[in-house]
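Peer 1: Chains as they are written, first to last, in our numbering: chain A, 12 to 390; chain B, 41 to 360; chain C, 1297 to 1555.
Hint data in this document are derived by calculation from the structure and do not stem from the laboratory. Careful: at least some of the hints might be erroneous.
Claimed, not checked - Think about it this way: if two alpha-carbon atoms lie no more than 16 Å apart in a straight line, the pair counts; the simulated EDC-like pairs of lysine to aspartate or glutamate are: (1) B/355 <-> C/1539; (2) A/212 <-> A/45; (3) C/1361 <-> A/19.
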Amino acid sequence: MEFVYTDEERMMLQMARNFAEKEVKPIAKEVDKEHKFPADNVKKMGELGLMGVSVPVDYEGSGMSNICYAIAMEEISRHCASTGVIMSVNNSLACDPVKIFGNEEQKKKYLADMASGRKLGCLGLTESNAGSDAANLATTAVLDGDEWIINGRKIFITNGNEADYCVLIAATDKSQGHRGISAFIVDLDNPGFSVGTLEDKLGIRGSSTAELVFEDCRIPKENLLGEVGKGFKVALTTLDGGRIGIASQALGIARASIEDAAAYAKERVQFGKPIAKLQAIQWMLADLSTHYEAARLLTHRAAYLKDQGQPFGKEAAMAKLMAAETAMKAATQGIQILGGYGYTTDYPLERYFRDAKITEIYEGTSEIMRLVIATNILK
Amino acid sequence: MSIVVCVEQRDGKLRKITFEALSEGKRLATASGETLKALLIGSGIAGLADELKKYGVDEVAVVDNEALAAYTSDVYAAVLAAYIAQENPALVLFGHSAVGKELAPRTAAKVDCGLVSDCLAVTFADGDYLFSHPVYAGKAIGSYKVVGPVRMATLRPNVFAVAESEGAGAVVDFAPEIPAAKVTITGVDMASSDRPELTEADIICSGGRGLGGPEGFALIEGLADVLGAAVGSSRAAVDAGWREHAAQVGQTGKVVSPNLYVASGISGAIQHLAGMGSSKVIVGINKDGEANIFNVADYGIEGDLNKVIPALIEKLKELQ
Amino acid sequence: MKIVACIKQTFDTEAKIVVGGDGQISDEGVNLIVNPYDEYAVEEAIRTKEKDGGEVVVVTVGGDKAQEALRYCLAMGADRAVLINDPALAGADSRAVSVALAKLLSEKEAGFDIIFTGKESVDDGVGQVPSRLAEKLDLAQANVVTAFELSDGKATATREIDGGSETLELVLPALISAQKGLNEVRYPSLPGIMKAKRKPLEVLALGDLGLSVDDVASKVELVAAELPPARKAGQRLTGEVDEVVAKLVQLLQDEAKVI
Ligand SMILES: Cc1cc2nc3c(=O)[nH]c(=O)nc-3n(C[C@H](O)[C@H](O)[C@@H](O)COP(=O)(O)OP(=O)(O)OC[C@H]3O[C@@H](n4cnc5c(N)ncnc54)[C@H](O)[C@@H]3O)c2cc1C
Ligand SMILES: Cc1cc2nc3c(=O)[nH]c(=O)nc-3n(C[C@H](O)[C@H](O)[C@H](O)COP(=O)(O)OP(=O)(O)OC[C@H]3O[C@@H](n4cnc5c(N)ncnc54)[C@H](O)[C@@H]3O)c2cc1C
Ligand SMILES: Cc1cc2nc3c(=O)[nH]c(=O)nc-3n(C[C@H](O)[C@H](O)[C@H](O)COP(=O)(O)OP(=O)(O)OC[C@H]3O[C@@H](n4cnc5c(N)ncnc54)[C@H](O)[C@@H]3O)c2cc1C
């Protein structure tokens, strides 16, 4: 067993950290406060290859490992979880299903566009009555000659307001339950498509969470992704991979909380000494760092298994569960260590706190993670 | 043997660092028993020799040639190397100025000797010279020895005290062969300002992000005007585009050591301190009582610079 | 065109410096980076190549770890790298470094048109290598350069001088030392990082260059390093603005005697 970075992982870390510190950090507060989609940085990230980290070079990706992807996601999210989720959705939820299930033409067009950062992608799965119960879809796709006609509404779709392409999960035969679900690639400049409600939300406010409205939206027949009736598998496989990204996002938030709290504790003097000298504070930081390291190992192991082509669903669920809960705990205790200052917007801890919460919800809630893990170990 | 000071002049005017180097050269020459010589290079500059005599020089060697009107490192290094070959000095001193930083190592390579740059102190003890210079942006001080017959050092401006003294004061001509220059200077753009040059100034008023915008520098300039000071800046203010990079003080900017450094709206980051930590007296004006600048400031004022600086300007004007 | 960039691996400037029991500076656990000024040098070299064609060779004198720094430059877009790595060069002074570089660039890697370097390294800020190298290779040189242009085989550079700037025309081959502001340094892209793995990185010992240990003997010896006397926090002046200002002026006049 080896626990050392390869040359390329180390370089990736250095580059992503530099980029995050110089470009992402300075605008993170504004991005959050003003619900501002960080378009310039997203463009730069595309040029740097961060929008298609583990997409093969043949499809204009970076051809790197999922471990590299996890490292980069953590570094970007260390300074801005909004930018992190935008990146994660494009990589994991939009590129990955096309990479795994797409045919050559689809990869040459859609995958290359998204991996290079020329176009932005999103995943349309959730509906008002299909959250954790993702198979209970009301959105339909009906074949009409050479075209699929799509009707329905997707909600809570990250990148929905800016995306060019959507990997859409819809019912092609409702009578078949999850076997009647298929996946599609939709070009969003389609006249049958519009963006509906944009959510106002607690955290990750720089990324859009949009309603996608499909009204007799006609797409070419060949935009079916994978086979008819195999769409639920596309969704589940995609989410398994996505959890590595979200786990890494959570790691970034956790690390931000721990680092900022530790730095503050060393400076803040009460009762004549820095509060970092108090055991109560030390133990909080010790516990948080331990949880962070454990979550990071789980995450990198899930990424490693994915790189090796081995099953990784259980490990990715464990990683996301552990990382998300660690992020939440680190942000909560981070604020505690800063006391009243942590509660104000003068310090970024309150932002980490608001951002951390979503990692326990999307791409499968923590309860669903436990369900996945339990199903795996009890089968 | 001798100690040679490489004189720096620009447009027929001697630079202050030359007087500092001569004064230090004299102190060292007295300690080691060497003679002190000055090498004056340029075109139409022979007249400057008299001024040099005030600092205890035993001999001024003058290289006055039209081909030397403009300084270029390749040609000046050739002249210096020829002089060193003739004199065999134990020590050659330069100012750690823009010219010295370039010319000294080029000359050292030609002569093939060791050079210690940016010295804060030079001592002579037990028959050898010891040079100290800051390393890791001033986070540590190293003391060095140079091996070999010829030693070279560049001296940080404003650190060595200027003192006039007696010397033999002979003036001789030196006329080496002058090679063709590989570099042509096609334009010079001197910042048109009545203010002293940053690295030479006795007093510097600097501003940082706390100024809140480019307008904030009007306050700093007002203060600099009453004090006859140069204006400096932190990197944050430079990065924000409020001030030119040439004004940046710090690790990646200018290293300065004025008698008085007034830092307003500057937090005192380690990289900033690297550039001004050797100032004799530091004043910090900052509204944050915990700002690091207060850990190094001799006098600290915790307050809003928008109130403090105008009041300070008023008070200083009263005195004049 | 053959363009060379000289780089040095240095401590991260955020690093806390520890002086060991032996009076030497310890590099235990310190993060190593490409000297920030050298990034400008590499960037300018790559831009020059992108404009005029040719190849960019990055060279360094350093230890095993310096390979990481070279790979970083290859990931930015340099084509090849050469590492001069020899135990005899551990703790080499500026002279030794420039002797080794000059030997490499006048023989094995001869035929360059431009050399870019940083204006100084941030770890010790000595800034000698560029001038020494220019002299050893008999090159036109411009130090502390903030703008550079190459057209019709003629190089033009703007450089900082005390109190202003100067524009120079240089005969090629020339050496340019980079100052902040020369360009915006790119980040290595991920495909760049992947490509860097396959780009040639040659490691040479002194013997490979035809140099002996004596040739690179240091002329400058570190006798001791110590932490500078810590500056003490001085007086905090408190009260109404007018009082405080009056007090400050009085102290500057009577106590510090600086105005
Ligand atoms: C703490 C400390 C203090 C030192 N003090 C002195 C001293 O006073 N005098 C002295 O002669 N030596 C000194 N040295 C040794 C010397 O500085 C370095 O070892 C030498 O590698 C770099 O020389 P430099 O500082 O002049 O580099 P600089 O001249 O500051 O670097 C300028 C540029 O030269 C190029 N360059 C520098 N080093 C290399 C390299 N290894 N490989 C390729 N290109 C390079 C880079 O482009 C760099 O940006 C010191 C070393 C240390 C660690
Ligand atoms: C900001 C944001 C971004 C999002 N981005 C996307 C996106 O890009 N694409 C997309 O398709 N979706 C996206 N979503 C949707 C997200 O994945 C769902 O919100 C999530 O899966 C939970 O579904 P739900 O909100 O309907 O909650 P519900 O499923 O209604 O769950 C409510 C509660 O019941 C619990 N629960 C439900 N079922 C079980 C069970 N079987 N066992 C135990 N507990 C259970 C849940 O854990 C939770 O605590 C996003 C959501 C948000 C808020
Ligand atoms: C490799 C590297 C090299 C660097 N090199 C340099 C360098 O050469 N020079 C340099 O300066 N920095 C350098 N830095 C940057 C350095 O780390 C700091 O970021 C920078 O010095 C901060 O500038 P500042 O003090 O102006 O800004 P801040 O740190 O933001 O401080 C502003 C200060 O102004 C105070 N303030 C705000 N409003 C008021 C008011 N109304 N009245 C009074 N006070 C007020 C605040 O309390 C605060 O202390 C470098 C960094 C790196 C990584």
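Peer 1: Hint by hint, where does the structure go against what was stated? Just the numbers, ascending.
Peer 2: Per hint list: zero violations.
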